[in-house]
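Novice: Listed here are the chains, written in short residue letters.
There are 4 protein chains.
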Amino acid sequence: MPTFELGPNQYGKAETRLVRVERGPAGDRITDLNVSVALRGDLAASHLTGDNAGVLPTDTQKNTVYAFAREFGIDGIEAFAERLAEHFVASQPSIHEARVSIQQYPWQDVDGAHTFRRDGSEVRTATVHHGHYGTQTVSGVTGLVLLKTTDSEFHGFVQDRYTTLPETRDRILATSVDATWRAVQGRPDPAAARAALVEAFADTYSLALQQTLFAMGSRVLQRCPEVLEVRLSLPNRHHFLVDLAPFGLDNPNEVYFAADRPYGLIEGVVRRDGVAIPEEVAWTF
Amino acid sequence: MPTFELGPNQYGKAETRLVRVERGPAGDRITDLNVSVALRGDLAASHLTGDNAGVLPTDTQKNTVYAFAREFGIDGIEAFAERLAEHFVASQPSIHEARVSIQQYPWQDVDGAHTFRRDGSEVRTATVHHGHYGTQTVSGVTGLVLLKTTDSEFHGFVQDRYTTLPETRDRILATSVDATWRAVQGRPDPAAARAALVEAFADTYSLALQQTLFAMGSRVLQRCPEVLEVRLSLPNRHHFLVDLAPFGLDNPNEVYFAADRPYGLIEGVVRRDGVAIPEEVAWTF
Amino acid sequence: MPTFELGPNQYGKAETRLVRVERGPAGDRITDLNVSVALRGDLAASHLTGDNAGVLPTDTQKNTVYAFAREFGIDGIEAFAERLAEHFVASQPSIHEARVSIQQYPWQDVDGAHTFRRDGSEVRTATVHHGHYGTQTVSGVTGLVLLKTTDSEFHGFVQDRYTTLPETRDRILATSVDATWRAVQGRPDPAAARAALVEAFADTYSLALQQTLFAMGSRVLQRCPEVLEVRLSLPNRHHFLVDLAPFGLDNPNEVYFAADRPYGLIEGVVRRDGVAIPEEVAWTF
Amino acid sequence: MPTFELGPNQYGKAETRLVRVERGPAGDRITDLNVSVALRGDLAASHLTGDNAGVLPTDTQKNTVYAFAREFGIDGIEAFAERLAEHFVASQPSIHEARVSIQQYPWQDVDGAHTFRRDGSEVRTATVHHGHYGTQTVSGVTGLVLLKTTDSEFHGFVQDRYTTLPETRDRILATSVDATWRAVQGRPDPAAARAALVEAFADTYSLALQQTLFAMGSRVLQRCPEVLEVRLSLPNRHHFLVDLAPFGLDNPNEVYFAADRPYGLIEGVVRRDGVAIPEEVAWTF
Chain A
1 MPTFELGPNQ YGKAETRLVR VERGPAGDRI TDLNVSVALR GDLAASHLTG
51 DNAGVLPTDT QKNTVYAFAR EFGIDGIEAF AERLAEHFVA SQPSIHEARV
101 SIQQYPWQDV DGAHTFRRDG SEVRTATVHH GHYGTQTVSG VTGLVLLKTT
151 DSEFHGFVQD RYTTLPETRD RILATSVDAT WRAVQGRPDP AAARAALVEA
201 FADTYSLALQ QTLFAMGSRV LQRCPEVLEV RLSLPNRHHF LVDLAPFGLD
251 NPNEVYFAAD RPYGLIEGVV RRDGVAIPEE VAWTF
Chain B
1 MPTFELGPNQ YGKAETRLVR VERGPAGDRI TDLNVSVALR GDLAASHLTG
51 DNAGVLPTDT QKNTVYAFAR EFGIDGIEAF AERLAEHFVA SQPSIHEARV
101 SIQQYPWQDV DGAHTFRRDG SEVRTATVHH GHYGTQTVSG VTGLVLLKTT
151 DSEFHGFVQD RYTTLPETRD RILATSVDAT WRAVQGRPDP AAARAALVEA
201 FADTYSLALQ QTLFAMGSRV LQRCPEVLEV RLSLPNRHHF LVDLAPFGLD
251 NPNEVYFAAD RPYGLIEGVV RRDGVAIPEE VAWTF
Chain C
1 MPTFELGPNQ YGKAETRLVR VERGPAGDRI TDLNVSVALR GDLAASHLTG
51 DNAGVLPTDT QKNTVYAFAR EFGIDGIEAF AERLAEHFVA SQPSIHEARV
101 SIQQYPWQDV DGAHTFRRDG SEVRTATVHH GHYGTQTVSG VTGLVLLKTT
151 DSEFHGFVQD RYTTLPETRD RILATSVDAT WRAVQGRPDP AAARAALVEA
201 FADTYSLALQ QTLFAMGSRV LQRCPEVLEV RLSLPNRHHF LVDLAPFGLD
251 NPNEVYFAAD RPYGLIEGVV RRDGVAIPEE VAWTF
Chain D
1 MPTFELGPNQ YGKAETRLVR VERGPAGDRI TDLNVSVALR GDLAASHLTG
51 DNAGVLPTDT QKNTVYAFAR EFGIDGIEAF AERLAEHFVA SQPSIHEARV
101 SIQQYPWQDV DGAHTFRRDG SEVRTATVHH GHYGTQTVSG VTGLVLLKTT
151 DSEFHGFVQD RYTTLPETRD RILATSVDAT WRAVQGRPDP AAARAALVEA
201 FADTYSLALQ QTLFAMGSRV LQRCPEVLEV RLSLPNRHHF LVDLAPFGLD
251 NPNEVYFAAD RPYGLIEGVV RRDGVAIPEE VAWTF
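Chains as they are written, first to last, in the numbering used here: chain A, 1 to 285; chain B, 1 to 285; chain C, 1 to 285; chain D, 1 to 285.
In isolation and in its complexed conformation, chain A is listed as follows (with noise of 0.2 Å):
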């Protein structure tokens, strides 16, 4: 009879939900969390046989967040979940690595006191891993969408067989941030990266959005020393423009589609040249 091994594997809470209210008499301050916890480690017992002596249950994994919540605060996702993913590391001896993935909604003050506006337009995010290799953190922000009236091209492209894209000195360039990066050392102000992030969206003239994505990713290397490498995952949200001549009107870029799918997807890291970086670390499932 054949048998069968178990490979790489990871178990832990999902999407635990958290709000966090600092109460103070100069107005209260929020934190608005979903933070998904994965552990790996002496874990074969559970899928061979059902022991679940070295599981440490995800419920478990959930009351932790809430606890560590209210004991030790949250100053910050990135310390949050470096807490966290060493907590369950050094705590369980069956427990050798830790991910801990935090996304965060902000929120606009209203009034100055207790009232609160969410403000939808992005989610900072964070993902920590922490294990042998000691902890690496990873920052970002997703779902920045941003558009470009004009100051956009595309031309000079392969042809073949299958071409049949016009040559374009004028477009929409339009797209949905998501971006992460990394450092060894410090921790990057959030804020400066983000507006690189928009700056260099804004001012570059693009010929392609694959030079929009070096030239973002740069702008964050420069204006946050201690990022090492950027991501960027840029999908081009295609706007055309709609051809009004069958109802005798011209169209000067005025009128546009915005379509849905199918849509482009630009990605690529952007890094400090000649600087070693550790790998990322990345569990693949």
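Please note: incorrect hints may appear among the correct ones.
[To be verified] Some, not all, of what chain C presents toward chain D, calculated at C-beta under 8 Å: (1) 83; (2) 121; (3) 249.
[To be verified] Anything over 10 Å on all C-beta distances counts as not near chain D; from chain B, calculated: (4) 24; (5) 28; (6) 53; (7) 133; (8) 134; (9) 155; (10) 164; (11) 190; (12) 191; (13) 202; (14) 240; (15) 246; (16) 248; (17) 261; (18) 279.
[Stated by the list, open to error] Now the stretches of chain D that chain A is said to cover, found in silico as 3 or more residues with beta-carbon under 8 Å: (19) 12-25; (20) 63-75; (21) 111-117; (22) 127-141; (23) 162-173; (24) 217-227; (25) 258-264.
Hint data in this document are derived by calculation from the structure and do not stem from the laboratory.
Glycine included, each C-beta is placed from N, C-alpha and C at the ideal position.
Since chain A is already given, all that's left is putting chains B, C and D on it; use the hints.
Specialist: This is chains B, C and D only, laid out in the frame that chain A set:
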């Protein structure tokens, strides 16, 4: 053989995605819309025999949306919806009523020139009915998410066999505002209406979300003299205080679990007293 | 100071997720529901002063849903919704009307015993209104996606300045059926109604989706003698033949692009001729 | 001035929606796909200077997908993805690697002729990487939702300060299977792999979802001799027994609350023992 009759019916093109760019020396402006059209009229033949002589294709409706954006511009979603609705009825003998619903996605200027950031916080809406009853315009906002960290109680409610909810003198109150308002004359300022909603949510000491709802509707009526009626649909997005006692911790209204489902849903209309207002047109499907 | 009045209003617990398991020697059965309750009555005090003496908390409504599933079982979603709606009105002096809406998610038995597979193809629905008008029950199905590869034409339609659509004698017709049906007496068989919808979609040679809609509604009326009225909301999910000529290829109705937006939306009611049927109750918000 | 370098990068057209109809005297067949292409190669110039001489536009990739569906047909999503991936690398000197991912939406024949019903229960997947490492094909299924009403326990787990979960000897076990499998030679039968997943979920008496995961992966390896490795991502969709005691009712494993978030997430790989298998190609972004 039994026969069957056609009751109320309508058809149209839904979710035409239109982006218009106004280009100017002092910077561009963009208008980002999702336009849905529905038409009623002498359409029995199409249903009964497939005779489409009275049917203006939904594809033509889409074309009209794009063409009108170029021919007439977009001076507010209410005016654009009214123009479209009146056109379909005026130009087609077979069409007697039109409903045009528009969602507007806001964008923030980034550089004072050509670059914009999508503001995902809320969506502006307008729905226009045009027919033998004239033109009825309903404006609104949806997806406006608000939260208060205090100044909300809930007690004194009915107790029956199935009641387990404890009374509370201090809770988080959170909702996602879906509001519409109607005027018979004039064009209410949507920014003023929206500001009134936020302000009343913030400064109303709440004994029930129903009380907050009435206060929000009343505030719009106070601030916008043209408005005769406000409709509000307010989900009660529960935030439950986490019991940390098992971990030897107190929880002085600090750490909450934000629940997805189920949720309360509080809905109501607030009207100007003693003012006749025609019934709101609604095509029920 | 102007005063404002409270218009129509309602409140309740939405989306209570309930799974019931009936355990038996010949295998288990599961019922998977999403239950939403809305109540109307003497609720002005809660809105005007925050006096909740007439308010049955939404939390209690949720508890009641779970308790009734145990006390009375679930003998069909219509009966379960009716029982709940009648209970809220009968047991609470302040509550005069109730609406209970249920979505049922189907599961397929896998092993004749304890294991089930979620059938994601469609959802069964029921909505019950109970009040001074008695009890009105509407049954339905939603998310039933159908496609015909041929036997669909569209021509003879209105041509105006904005028309570019060519006539077609052969196209794909695809929709996602959202249907409801009403009886005044008796309990129509939902499986028969659903089968009638599918069958009429399949065997109707279609000159317009409107014609297919009328045929589908009529077929339900033919097959289900208790049904007096059928409502249908049918998006026209466009499938566009791709122009392959630039690549030196023909495309004999073989390769299509399935578009997301915009889409046509065809809606209508089909009624039994010459039969009085009370207006459908609808709480408009 | 610091300089920055371009790291790993890729681009392509995502989510091209393709429906192919094969017309025959014994009835039609439809193939409904969502195709995403990503390419790697000599693309630095586009990033650094906007020189697109090596860039095959994503629009051309989309055209190629449609043209290939006509030219070569679609004999399974794996073969179609392989043909596309090999084409992009073979035909473009600048392109060295290609990844083609396909989702297939299943449809059920309704009338043996021209009408089909979308089966929304699950989606078939294939991902092909083609490059210097040859061609690697990964097949899978996602969205396969399974539930067991019994034969699931969870106890003997780690207890720490943050543990409150009681042990259970009988619970509902529910998940949404996301599975992929790999072979180096041959073409595993996806129906057999899927059946093995369902069967093992059903007949494994479960002491942990991890144990069920290993059993499911092992069963695929048993039934599909070509498969060398199975990856499984299994959310633990919690169903909590509702406490009905406050209402004077027992709850003998009958009435449950189906929770949305948080959820457990159990992931792992099961491999054929002692068989060399190349690392799975993954482009990390």
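Novice: Need the list of violated hint numbers for this structure, in ascending order.
Specialist: 1, 10, 15, 16, 17, 21 and 22
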